[in-house]
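K.L.:
The primary structure of each chain is shown beneath.
4 protein chains.
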Amino acid sequence: MRTSAEYFSDLKKMKPNLYIGGKRLGRDDPRVKPGINVVSVTFDLAQNPEWDEVMTATSHLTGKKINRYTHPPQNPYDLMQKQKMIRLLAQRVGGCIQRCMGYDALIGLSIVTKEIDDKYGTDYYGRFLEYLKYYQERDLAATCAQTDVKGDRMKRPFEQPDPDAYVHVVERRDDGIVVRGAKHCITMAAYADELIVIPTRALREEDKDYAVAFAIPADWDRVYQITRPVWLRERKEVKSPFSSYGVSDSLIVFDNTFIPKERVFMCGEWEFGRRLALLFADSHRHSYTGCKPAVSDILCGATALAAEANNIEKVDHVRQKLSEFAGGGELAFAAGVASAIYGEKTSSGTFFPNAVYANVGRRLMGETIYHEFNILTEIAGGLAVTLPFEEEFSSKETKAYMDKYIMRNPKISPKDSHHIWRFVENMAASPMSAWYQIAGVHGGGSPIMETITLNAEYDYESKKNIAKYLAGINKELDQSKDLNEKPFSALPPERSQEK
Amino acid sequence: MRTSAEYFSDLKKMKPNLYIGGKRLGRDDPRVKPGINVVSVTFDLAQNPEWDEVMTATSHLTGKKINRYTHPPQNPYDLMQKQKMIRLLAQRVGGCIQRCMGYDALIGLSIVTKEIDDKYGTDYYGRFLEYLKYYQERDLAATCAQTDVKGDRMKRPFEQPDPDAYVHVVERRDDGIVVRGAKHCITMAAYADELIVIPTRALREEDKDYAVAFAIPADWDRVYQITRPVWLRERKEVKSPFSSYGVSDSLIVFDNTFIPKERVFMCGEWEFGRRLALLFADSHRHSYTGCKPAVSDILCGATALAAEANNIEKVDHVRQKLSEFAGGGELAFAAGVASAIYGEKTSSGTFFPNAVYANVGRRLMGETIYHEFNILTEIAGGLAVTLPFEEEFSSKETKAYMDKYIMRNPKISPKDSHHIWRFVENMAASPMSAWYQIAGVHGGGSPIMETITLNAEYDYESKKNIAKYLAGINKELDQSKDLNEKPFSALPPERSQEK
Amino acid sequence: MRTSAEYFSDLKKMKPNLYIGGKRLGRDDPRVKPGINVVSVTFDLAQNPEWDEVMTATSHLTGKKINRYTHPPQNPYDLMQKQKMIRLLAQRVGGCIQRCMGYDALIGLSIVTKEIDDKYGTDYYGRFLEYLKYYQERDLAATCAQTDVKGDRMKRPFEQPDPDAYVHVVERRDDGIVVRGAKHCITMAAYADELIVIPTRALREEDKDYAVAFAIPADWDRVYQITRPVWLRERKEVKSPFSSYGVSDSLIVFDNTFIPKERVFMCGEWEFGRRLALLFADSHRHSYTGCKPAVSDILCGATALAAEANNIEKVDHVRQKLSEFAGGGELAFAAGVASAIYGEKTSSGTFFPNAVYANVGRRLMGETIYHEFNILTEIAGGLAVTLPFEEEFSSKETKAYMDKYIMRNPKISPKDSHHIWRFVENMAASPMSAWYQIAGVHGGGSPIMETITLNAEYDYESKKNIAKYLAGINKELDQSKDLNEKPFSALPPERSQEK
Amino acid sequence: MRTSAEYFSDLKKMKPNLYIGGKRLGRDDPRVKPGINVVSVTFDLAQNPEWDEVMTATSHLTGKKINRYTHPPQNPYDLMQKQKMIRLLAQRVGGCIQRCMGYDALIGLSIVTKEIDDKYGTDYYGRFLEYLKYYQERDLAATCAQTDVKGDRMKRPFEQPDPDAYVHVVERRDDGIVVRGAKHCITMAAYADELIVIPTRALREEDKDYAVAFAIPADWDRVYQITRPVWLRERKEVKSPFSSYGVSDSLIVFDNTFIPKERVFMCGEWEFGRRLALLFADSHRHSYTGCKPAVSDILCGATALAAEANNIEKVDHVRQKLSEFAGGGELAFAAGVASAIYGEKTSSGTFFPNAVYANVGRRLMGETIYHEFNILTEIAGGLAVTLPFEEEFSSKETKAYMDKYIMRNPKISPKDSHHIWRFVENMAASPMSAWYQIAGVHGGGSPIMETITLNAEYDYESKKNIAKYLAGINKELDQSKDLNEKPFSALPPERSQEK
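Chains as they are written, first to last, in my numbering: chain A, 1 to 499; chain B, 1 to 499; chain C, 1 to 499; chain D, 1 to 499.
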């Protein structure tokens, strides 16, 4: 498994293809460093024996110990460990751990390549397994480039005035394909080792050039990343882990980019466009049942700390509001657990989370993220956005005033008070606040997408049958057998005798 | 296992101690029959081999096959089977299956009697196991009488102007105890075989006479049930299962009632009052993660059926609203699954659901029940409450008009339309509607109680520690080990190799 | 102005054309009496000098003092008095006063008949004024029959498989017209003097036979009312005003019914179908800004009383919840005030409320009604639906128990406690509860209808222009002149010097 | 009336007492310029004859035409004009116009000084009128410094460990007083002409030194402003009005500051502390019924523009969400209208808005502000926070890609698209977003404060009386006379004949 130092070193070797503020840059620009700091925690904690089995897994291909971020889940236990790993890491970096997208893309590819091969006798699955071995051995960190720029939202890909509104194949060669188009809002692309590119939506036969999936290094030839970093105001003396973290999103342009054959995992099989898009999305929504509870944990902690600093922690309405974080985050976490327990084994062996539970869990968090910030704001008060700059706390003319007037709870020193309110500012009133709000709604699919998925997946007819029976229209009620056949064991076979 | 016919026959033998409409009555009064119809389904389905293992279990005491309603869960699988059993039954009777209260009281007693014995060397646990064997062999259906009338809500039991505001011991004899007081809002008491009486709240030393738990037949000497039945307008021709179901709640008066020693399971151990009250409540909240999803299923089905009858099933906002039932019910169900997976083995061997998950699941449903009725009303329209009486659909003068003007969707006959709207009326605008709304809020503890439980159980300090670490106050973050140690296996040991 | 005694006497003279429970009946059936009791309060209070100017007005046609329910508003003050009258009456009868529908239909006709005449040179307005004089002199109480049974909701009137799904003209004669079809969910029709029939929706030219409006006595030849009454369980000893009130809704069948020419106010002018439908709806939504605040007042009062009886009135979360009633009801009331102040004078002289404010006010209440019941339930507890029957409070065997165990607040006697909880039961768990919930959503148009109206009426372009200006796309911002031109005076000219 | 040029010139003459980023600065620092730009619009529009009578008024003291921001309302019409002025200006600057705080403080002082004099025979009112004339003549722009730093929130002023936690009198001299303490979160203080200082809460006799109100120039001796400015990233080519606006908040330190007698308006009259605090707060909440609707207008416009750019403006759920802005903003506006119409004339002649309506309106907006941002985010998508920097749209290497991939709606040019998304970024994902969210909750009092005010002001007893009447406990119902006595005329006497 790589160390974070090796990860940095690999990044530095990459060709400069990032564009920020009018310049072409490499991975050493300080504005992308905060994002790199986030991803490196996924390497650091995997080295920590305390989190063995959470952060690591045993490869079903090679039997070696690998970073869990490279391991397609094989049973419900793996899904639950994945969920816990994500919550663990997200708590530690103050939110999005960023490496899940690539992981979920791997999971999607592991399933769909097998299914395409089963139908068409192609050899995508073999290619994919080779790629996966390579990926596991090098402990790579990919992102998933799914979201096309999409052009006119009321038109399908083949109907677009500009055919490049969705990434598509423009040439097929013996040794590979050439693609054109752009993916946008791609988190972590600026410091990913690899980009895994998959379709963004259901496709029709006319869209078949848009049915394309592949994986390439993030600094590949004719790949350009127009990158938007988000970072926090640099701290001078009052340092904190959170202020060292940040994120970048890229518009990734493919301008007649050549993709070698062994890196192509779908090419023209349009009926599988929707399947792959949803495999990624539903797997990623399951990931959210790990990270969004952590976001609730952090907002809950920030709110409780602000309440303590304001000495109002015992007040009734404060207690009530704190309990809403518990409700939100843990319901989403529970949805992830049920999604694992009621998941299913696919033909590739990858164990896939139940879509209904993944979607209701993710949707809940997408619907409540702004409300959670609202609670923090309610309890913290206006200071979150009016806190004087750090310099005022140290400059000769104002330090005494700041130390005097920041005091609220006699048990908390001016210095710790400053730490608390600076952190509250970072959470509630910084560029990262907006990023968490907006990613909280849209990352992994906005609530409207989950509603659409739910409406496709949920068995409304069985509910109508219950009503028809109770109403006296149908004489019999044939109730869901699912209730009897599941759940799957929550532990892998080799551990299942333990408890 | 008893059949429902045997259950009826046992009820008929009971002494008449019900008071309804100014009369003393037995269990043969037609107004309590709808409730009896509900409970009898728990006997009928246990006879159906199709639902074996859901409806039945193997006694850990005798090794015999028993109705699951008499089986304290021994592992997470049992908890998940319990949850599924309740959802199955609740779908079939259109809501509350009523028999869970007694079951959850048994579960609570199984744990607390062992814990009291462990502390005080008493012999409650032995008594309880005897009682449990008796209960399993006869396949009894108890209710739990927990809620005291409570008098002044701002005073503790021992402070009440009327000491009988909470049930308490008034005399201790060698062969048993004498109790006085009343329990109210006790569902199913009117047609239960047994009453299991437990404390309703945390107690102090001064309250020790109020720390009392026991079980007696529901027609026991000096026990009076002032009963309020709820039933639906009788159908003449347009019959339906739902209209045959109902419920009764009793005010149960104990007026110097003698309880024999072998039926006393707590007497004076006031520190365990809170423990038993919460064991029952949390177990019952876990039960709600089975029944409330079924209530969502039924309301979802009724709404979808009304939408179909109105021919608006494909309309966007209707689809959106239907998906809210999926979200609500399945999140609560997921909470139950997580509650099982993250549960714990108690000293008695009973496996107990995780309190945080049980509470967030139950609270969600208590907060959304009125909203769910709102959705049904929105989609069904005003007809739910303005539907002419059944006779208008058959009387010579009006039948032709009713048949003509009830038509909306050409694919649905007037007769089926009438079935549908009569059912919608029963769901949305009948005495049962109010019962489901109010029980939906308060049954098993209202949202405010779950918030209080959550605030007691939830680890806010660990969240503050995350914030202190991210803010730079603490240098280390000691994250929850729970993440690593759990989950328990979701299958019992003997089945855990299967999948 | 009529007295309620005269109103009763007039009802008794009517032909029996109500169908309830399989029988043809007159207005003396006890099941319709509770609704008559409601309407009679509109006559009683008009006799009370204390409420002069609220309950009464001066006819702009005759200069005589008339019941305000017969007076089309002439200025903002009239609209505000109308709103206050409705709140006053609704507080007194515990909710819907029922007489507004006919009033709002009169208002709509007063405007549209003039507008049709202005366009086509017809003489509807003259006919209408004659009818209005007749109506004012006799102090009639009409209902408005707007809602057609509508058949397939996805089809327009002329597309329906059964042309009678909407009321329409089947024959045009010199002396009048013949109509067929049915209106349903028509509140108060069973004890109205007159029925005012208007179209239910926007119409196209093909629908022109459906563009018909008229007024006739409620027992007119070939008019059949299939009536569904809602009433409360009769009280034996514990009497209360609320329990004497109720409501009936009718399916009104027009089976080749002849309407004399002087009673026809629209016939074929299909472009005015939408206009009249909306005039009625928007006027009625303004009426809701009077009655729905009263419903909030009543639910607030019931909740506060239950809180007092439970002795929890000072508890923080109870206070918070009580304040939600204040918020809801008063915001809706405020919307009515703004709707008056920003209203407009129509060509007929009738002053019409602003549609945007009427719709946002009504929508708010439609969205929150179930939530308001939820609050009552939260505070009142389960007793609302488990309260033993009245007989148990007086029968020898149980009276002592009931008196003892109903006590919660030492300052409230058992008798008053019984009154309180019986009232809470009537509010939260009776046939009227469902009626208020469902009428609260749908009466006057459900939230989805108000959203549709808002989306038609609200000036989104002006909002986009603000954004385009701020974004730098447009150089100028042309802000709404409405801001400068309004409001109208809130007092009529003759009183405007007073304050 | 001053021009904005004169306002700038006056600011430049002020002594440098701002502390930002470790330096002492004057009003010419570029970081405070965006706030100055906002306030200057209040001078510019008053010069525009188009907005006469909205932006201006006639002084009741001098008969001269004055900026409305210096005119205490004399009748309901003035209150409605004030509300419209604020909405007008807030639309134009994209949100908070900042000058209202000082205006509302003037209004509060105009009332309380008279009331103190009436009770104690003091001469505050005379002083105040002198000050008001001075203020009107110079067309000053004050802010209100109300919020103390407050120290321990569970303690009253006199109980605080540090007595300076609230501003208080430390010395009384013949020619004035000396004060110490600090006010924080004071918007606009950095570029106000004057600071009006008032108490923040109810006081007891022991707190009498804290009962102090005065007005002084913002650069007064021994007054230090530790200022936190908020501004938007500077635009290079893609200019817009919105990006030139911003805001500053100050911690204002009074360190033994001398206040001359003629500028002191309360000193020791502790019973009036609560009164003045509430007069300011309720007047300011009424102001919010003007500005918060404008914030809804702007967010609505931004959302509608984003929807148009995404070509999804006609989609059902988008329409539904847009209508929520209409609902929210207009309900708050309506509350302001009702607050004016149901306001009251105080002894000073100032006409004061009704507190209940001002509070329900403000609370609604405080509760929904985060939700409104949520809607914008839902419709706009992730681009709001991932939009590449401005330079990428002009740099040679990336311009073509940006122009190509920003296109969504063929009717909108790349340049206008860039304008739109840059504006959406400014609204949803900039430092100003957080400021609007947090000020939206807390400015003028957070929802919890409005609930407290409502619970103090709202007549729950009258609601209970309605319930007692309907329940049969009270025989009579004495309904609110308010219904009959109000409203006041909505036009001033001299205009009331017009309409």
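Hints in this document: simulated from the structure, not taken from any laboratory.
Here the structure is a predicted model, which is why all the values come from computation and not from measurement.
Please note that a few of the clues may not be correct.
Copies of the same chain look alike in the list, so a pair counts if it fits in one copy or across any two.
In the DSBU-like style, the derived pairs of lysine-lysine whose C-alpha atoms are separated by at most 30 Å in a straight line are [to be verified]:
1. K13 <-> K23
2. K399 <-> K13
3. K13 <-> K321
4. K415 <-> K119
5. K396 <-> K261
K.L.:
All the hints need checking, so say for each whether the structure fits it.
P.N.:
Quick rundown of the hints versus the structure:
1. K13 <-> K23: within (19 Å within a copy, 42 Å between copies)
2. K399 <-> K13: between (45 Å within a copy, 27 Å between copies)
3. K13 <-> K321: neither (48 Å within a copy, 48 Å between copies)
4. K415 <-> K119: Answer is neither: 65 Å inside a copy and 47 Å across each miss the 30 Å cutoff.
5. K396 <-> K261: neither (65 Å within a copy, 33 Å between copies)
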